[in-house]
Amino acid sequence: MDWVIDKIKQGYVDVVNPFNRKQVYRVSLSPKDVKCFVWWSKNFSTWIKYYKNYNNLFKSYKGHYFQFTINTPSELESNLKISLEKRFKQFEWLVNEFGTLAVNLRYDPIIFYKSIDSDKVKHNLQQFDYIIENIASFGIKEMIFSFANIYPKVKKRMLARGNVPLELSFKKKQETLRKLKKVCDKFQMKMMACCQLDLLKIDGIEQAHCIDAIKIQKIVKEEIPSLKDTGQRKDCGCHKSKDIG
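Positions in the sequence shown are counted from 1; adding 259 to them yields this note's numbering.
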């Protein structure tokens, strides 16, 4: 966060194109140029601390929009040393400060896997019901999810830790989502699929717009073009933004 504060005070940030390291472009961070910041994290404790310490600086911007990932704690996130309950408190604080429209729940990614030396199938859905129930109590009406894409680098990292990621068939995904949807329906929460258009064939699953210009318009009370972000994956529903890291 020190880096972010420094760049905000500087008034701009130089961003390196990840696909062409020689290409650098400058992004203004002036409050007159920034419509809204979109913040992504699994633990907002540091962000909240800085927001309180630099309140006037943060409030000079029209809007703040949050993507808060909360999955069942597992061996796959061993570096995440904070309880679900403390993260629920953070979520509630953000909702109280910025409103339900500004804070999004991400259950992402859903993953099934096995230990190298076992045939027992494991997953990170054990506390799904508990998480949905708590987040719904803050007035949240939708959740964003995806199933893990097993890219070669993902498989390599998991194998190095003694786990084997499993590729799920569409039928298995459908069975899983039907169970999860019963939970979400109980708490009047929509299920929004991120970057996985095939899942929209399943009854009740809608497309996610993680960076949602329609919502952000309502937050900042200013018109924002709802342009597709062509720099993202083909199935991505996000609207155009600038990624500064």
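Check each hint, because a few of them may be wrong.
[Claimed, not checked] Below, computed lysine to aspartate or glutamate pairings styled on DMTMM-like, alpha-carbon distance capped at 25 Å:
id	residue 1	residue 2
1	K445	D488
2	K432	E481
3	K321	E336
4	K311	E356
5	K294	E356
6	K414	E401
7	K412	E336
8	K445	D494
9	K415	D388
10	K345	D462
11	K501	E344
12	K477	D462
13	K268	E356
14	K400	E481
15	K440	D502
16	K460	D502
17	K431	E482
18	K460	D488
19	K440	D494
20	K301	D261
21	K294	E351
22	K294	D273
23	K318	E465
24	K308	E336
25	K400	D378
26	K373	E334
27	K294	E482
28	K266	D502
29	K460	D444
30	K487	D292
31	K438	E392
In short, the hints are calculated from the structure, not lab data.
How the hints compare with the structure:
1. K445 to D488: Violated, at about 33 Å.
2. K432 to E481: At roughly 39 Å apart (the allowed maximum being 25 Å), E481 and K432 break the hint.
3. K321 to E336: Outside the cut-off at roughly 34 Å; violated.
4. K311 to E356: Given that 25 Å is the threshold and the Cα spacing comes to 11 Å, the pair holds.
5. K294 to E356: Between K294 and E356 the Cα gap is close to 18 Å, so the pair holds against 25 Å.
6. K414 to E401: Distance ~30 Å between K414 and E401 Cα, so the pair is violated.
7. K412 to E336: OK: K412 and E336 at ~17 Å, within 25 Å.
8. K445 to D494: violated (29 Å)
9. K415 to D388: violated (31 Å)
10. K345 to D462: Roughly 34 Å separates the two Cα atoms, so the pair is violated.
11. K501 to E344: Judged against 25 Å, a Cα distance of about 32 Å means the pair is violated.
12. K477 to D462: violated (28 Å)
13. K268 to E356: Within the cut-off at roughly 23 Å; holds.
14. K400 to E481: holds (23 Å)
15. K440 to D502: It is violated: about 32 Å lies between the C-alpha atoms, which goes past 25 Å.
16. K460 to D502: The hint is violated at about 30 Å.
17. K431 to E482: Violated, because 41 Å separates the two Cα atoms, which is more than 25 Å.
18. K460 to D488: holds (23 Å)
19. K440 to D494: holds (22 Å)
20. K301 to D261: holds (18 Å)
21. K294 to E351: holds (24 Å)
22. K294 to D273: holds (18 Å)
23. K318 to E465: Violated, at about 33 Å.
24. K308 to E336: holds (23 Å)
25. K400 to D378: violated (37 Å)
26. K373 to E334: holds (12 Å)
27. K294 to E482: holds (10 Å)
28. K266 to D502: Holds, at roughly 14 Å.
29. K460 to D444: Holds - the C-alpha atoms of D444 and K460 are around 18 Å apart, at most 25 Å.
30. K487 to D292: Holds. K487 to D292 sits at ~20 Å (cutoff 25 Å).
31. K438 to E392: Holds, at about 15 Å.
Checked against the numbered hints given earlier, the structure breaks hints 1, 2, 3, 6, 8, 9, 10, 11, 12, 15, 16, 17, 23 and 25 and satisfies all the rest.
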